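A.B. asks: Go by the hints and put chain S onto chain C.
There are 2 protein chains.
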Amino acid sequence: MPELRQNPATKEWVIIATERAKRPEEMGLGVANPPANEKERCPFCAGHERSTPNEIFSFRSFGTAPNTPGWWIRVIPNKFAALLPQGSPDRVELEGLFHYMNGVGEHEVLIESPEHTLTIATMPEKQVEEIFLAYRERYIALSQDPRFEMVIIFKNHGLAAGTSLRHPHSQIIAAPITPNHIRHRIEEAMRYFDDHGHCVYCDMIQKEKKLGDRIVAETENFIVLEPFASRSPFETMVIPKSHASTFDAIAPERCKELAYVMRLTLKKIYRSLNNPDYNYVIVSSPSHERSLEYYHWYIMILPRVTAVAGFELGSGIYINTVIPESAAKFLRETPFE
Amino acid sequence: MPELRQNPATKEWVIIATERAKRPEEMGLGVANPPANEKERCPFCAGHERSTPNEIFSFRSFGTAPNTPGWWIRVIPNKFAALLPQGSPDRVELEGLFHYMNGVGEHEVLIESPEHTLTIATMPEKQVEEIFLAYRERYIALSQDPRFEMVIIFKNHGLAAGTSLRHPHSQIIAAPITPNHIRHRIEEAMRYFDDHGHCVYCDMIQKEKKLGDRIVAETENFIVLEPFASRSPFETMVIPKSHASTFDAIAPERCKELAYVMRLTLKKIYRSLNNPDYNYVIVSSPSHERSLEYYHWYIMILPRVTAVAGFELGSGIYINTVIPESAAKFLRETPFE
Numbered sequence: 001m002p003e004l005r006q007n008p009a010t011k012e013w014v015i016i017a018t019e020r021a022k023r024p025e026e027m028g029l030g031v032a033n034p035p036a037n038e039k040e041r042c043p044f045c046a047g048h049e050r051s052t053p054n055e056i057f058s059f060r061s062f063g064t065a066p067n068t069p070g071w072w073i074r075v076i077p078n079k080f081a082a083l084l085p086q087g088s089p090d091r092v093e094l095e096g097l098f099h100y101m102n103g104v105g106e107h108e109v110l111i112e113s114p115e116h117t118l119t120i121a122t123m124p125e126k127q128v129e130e131i132f133l134a135y136r137e138r139y140i141a142l143s144q145d146p147r148f149e150m151v152i153i154f155k156n157h158g159l160a161a162g163t164s165l166r167h168p169h170s171q172i173i174a175a176p177i178t179p180n181h182i183r184h185r186i187e188e189a190m191r192y193f194d195d196h197g198h199c200v201y202c203d204m205i206q207k208e209k210k211l212g213d214r215i216v217a218e219t220e221n222f223i224v225l226e227p228f229a230s231r232s233p234f235e236t237m238v239i240p241k242s243h244a245s246t247f248d249a250i251a252p253e254r255c256k257e258l259a260y261v262m263r264l265t266l267k268k269i270y271r272s273l274n275n276p277d278y279n280y281v282i283v284s285s286p287s288h289e290r291s292l293e294y295y296h297w298y299i300m301i302l303p304r305v306t307a308v309a310g311f312e313l314g315s316g317i318y319i320n321t322v323i324p325e326s327a328a329k330f331l332r333e334t335p336f337e
Numbered sequence: 001m002p003e004l005r006q007n008p009a010t011k012e013w014v015i016i017a018t019e020r021a022k023r024p025e026e027m028g029l030g031v032a033n034p035p036a037n038e039k040e041r042c043p044f045c046a047g048h049e050r051s052t053p054n055e056i057f058s059f060r061s062f063g064t065a066p067n068t069p070g071w072w073i074r075v076i077p078n079k080f081a082a083l084l085p086q087g088s089p090d091r092v093e094l095e096g097l098f099h100y101m102n103g104v105g106e107h108e109v110l111i112e113s114p115e116h117t118l119t120i121a122t123m124p125e126k127q128v129e130e131i132f133l134a135y136r137e138r139y140i141a142l143s144q145d146p147r148f149e150m151v152i153i154f155k156n157h158g159l160a161a162g163t164s165l166r167h168p169h170s171q172i173i174a175a176p177i178t179p180n181h182i183r184h185r186i187e188e189a190m191r192y193f194d195d196h197g198h199c200v201y202c203d204m205i206q207k208e209k210k211l212g213d214r215i216v217a218e219t220e221n222f223i224v225l226e227p228f229a230s231r232s233p234f235e236t237m238v239i240p241k242s243h244a245s246t247f248d249a250i251a252p253e254r255c256k257e258l259a260y261v262m263r264l265t266l267k268k269i270y271r272s273l274n275n276p277d278y279n280y281v282i283v284s285s286p287s288h289e290r291s292l293e294y295y296h297w298y299i300m301i302l303p304r305v306t307a308v309a310g311f312e313l314g315s316g317i318y319i320n321t322v323i324p325e326s327a328a329k330f331l332r333e334t335p336f337e
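Chains C and S, in that order, give the protein sequences. Once you know that position 51 of the first sequence is 51 in UniProt numbering, the rest is easy, because the numbers rise by one and skip nothing. Once you know that position 315 of the second sequence is 315 in UniProt numbering, the rest is easy, because the numbers rise by one and skip nothing.
Straight-line C-alpha distance at most 35 Å; calculated DSBU-like pairs for lysine-lysine:
id: 1; chain 1: S; residue 1: 207; chain 2: C; residue 2: 22
id: 2; chain 1: S; residue 1: 267; chain 2: S; residue 2: 241
id: 3; chain 1: S; residue 1: 329; chain 2: C; residue 2: 79
id: 4; chain 1: S; residue 1: 79; chain 2: C; residue 2: 329
id: 5; chain 1: S; residue 1: 210; chain 2: C; residue 2: 11
id: 6; chain 1: C; residue 1: 210; chain 2: S; residue 2: 11
id: 7; chain 1: S; residue 1: 11; chain 2: C; residue 2: 209
id: 8; chain 1: S; residue 1: 11; chain 2: C; residue 2: 256
id: 9; chain 1: C; residue 1: 11; chain 2: S; residue 2: 207
id: 10; chain 1: S; residue 1: 11; chain 2: C; residue 2: 241
id: 11; chain 1: S; residue 1: 11; chain 2: C; residue 2: 329
id: 12; chain 1: C; residue 1: 22; chain 2: S; residue 2: 329
id: 13; chain 1: C; residue 1: 11; chain 2: S; residue 2: 256
The set of hints was computed from the structure by calculation and includes no laboratory data. Computed from a prediction, not measured in an experiment: that's the story for all the values here.
Excised from the complex, chain C in its bound form (with noise of 0.2 Å):
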């Protein structure tokens, strides 16, 4: 069982993922790249569905069974899972300062298409826009469950952002609780809120507007921008007009038009950068604290072209090398079509 350990000086949470666990000796060897027959062993592939746990979810052609072919996504529990459904997340306390619980979660996997070397930036618009419609289905499931605090839905491209799999793929785990790095984000929210009346992100977004030069493009009701304090280089948040602080709050209807920024956002990252390898992160409030007037979903687009060192590891300051208006300005200029 995967277990979650609390460090007693920082109150932060870790996972200590038993599932994946590997033997001391076995990290020495560096991340392997992916063998040659790559595409006929990916268990992502469509004909390859017995290859993965049985399926959760799907979107699949009418009188296909599932496990078979016939879907074009599709989610499956993730075979190295870091967090087990299994069990309850009880608390316990050892020599009265380190304390643990049971590693209970969800760990799932969304196949975003059955085609091996897709990706956002090539895929049909459409496609994208099942993707962002199963990922609220994922999200309205998960936060239904009471033992569940956080549903994080990410993505990882590449090597150098965390994935050797190349089939198109994300992520979405649920957690049993917030940590302290999303309880500071939301206090200072709360603090603005208090302050000024209004939601900070509500606010960026009309400055931001009003300034001009870090937006990268903009539709009805979306607004892509490097934020003023980008960490790193084209460090990218796509974030909804209006005001909501759960991603289940769109409507299923505006996935299209989430899709089609997010699309163009990633097309314009990877033409302009050479396809770098990228995360990208669903920011949403903790799924029992809904409807919160102080804090905003949004997603978070890093893609992975210089690496963490030391300095930001030991201060949590970053240094980032390009300005966030050059990046701005580049990104808007990078043809789409």
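C.D. replies: Coordinates of chain S only, in the frame set by chain C:
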């Protein structure tokens, strides 16, 4: 001039490093491997003193002139400094929301040896002692400048840890702000002190000694351990047993013992994990907040054997695939000499 910018929503600071700024179109090229004639072109090797800015500090043979050979430790300004010493750190507000200030600070490089291919694991112990004595000198000098709030001493070893220069070196940054990341750590330590009347790190040392299974090594005045909630495989803490909140509290004569434990630890990591990329950072209180009874300095070593992925970036919860007790046992059993 570099610029410090504050994220209006999280209050975290970021350095926009204009001195090392790249054009956006340069970012898609990836990190270059060292050239074949690496050593001849290395600015840090003995004999190449003229290819660096003038030295700030050195340990060198009697009678040799600054910026000529004869040194065994040399501290120089970073040629591509993230912060610059001129000016004053006044804050500016933009549109009532965005705060920034001049990037005032110091950014130094400490060249750890005249020899290009050594690393702490393979250096003579005496040389490691001199490195720590030099850290201490620079820490004291920089923490006396009233403009600087944090002095951060760190090392990047290898590409994944953020350096492409093989010549052994560390860096020292003096920053004009205390980041939220550090504030939160201090607040948690303060809360523990208020609840229990002891420093949480002092208590942790006592409990870890009692339990024993996460200890890698111990000397009279230092303990080396894999923290209970290690964030990644082989995260290692080298911590002084006696209470002190700032690094410069170390007596010069105790640097010999610290050098012994650091070299022992890094040599065990070097041997057992096949010379992995790693970072270390000296964690210390803000430089004007001295003699805190609730905070405790230590050295954090982070081998970079796994990638930080979307989940960690979005949630702040790390997934660690090696059980800290197994990592400690493995390092304990790795021969040192």
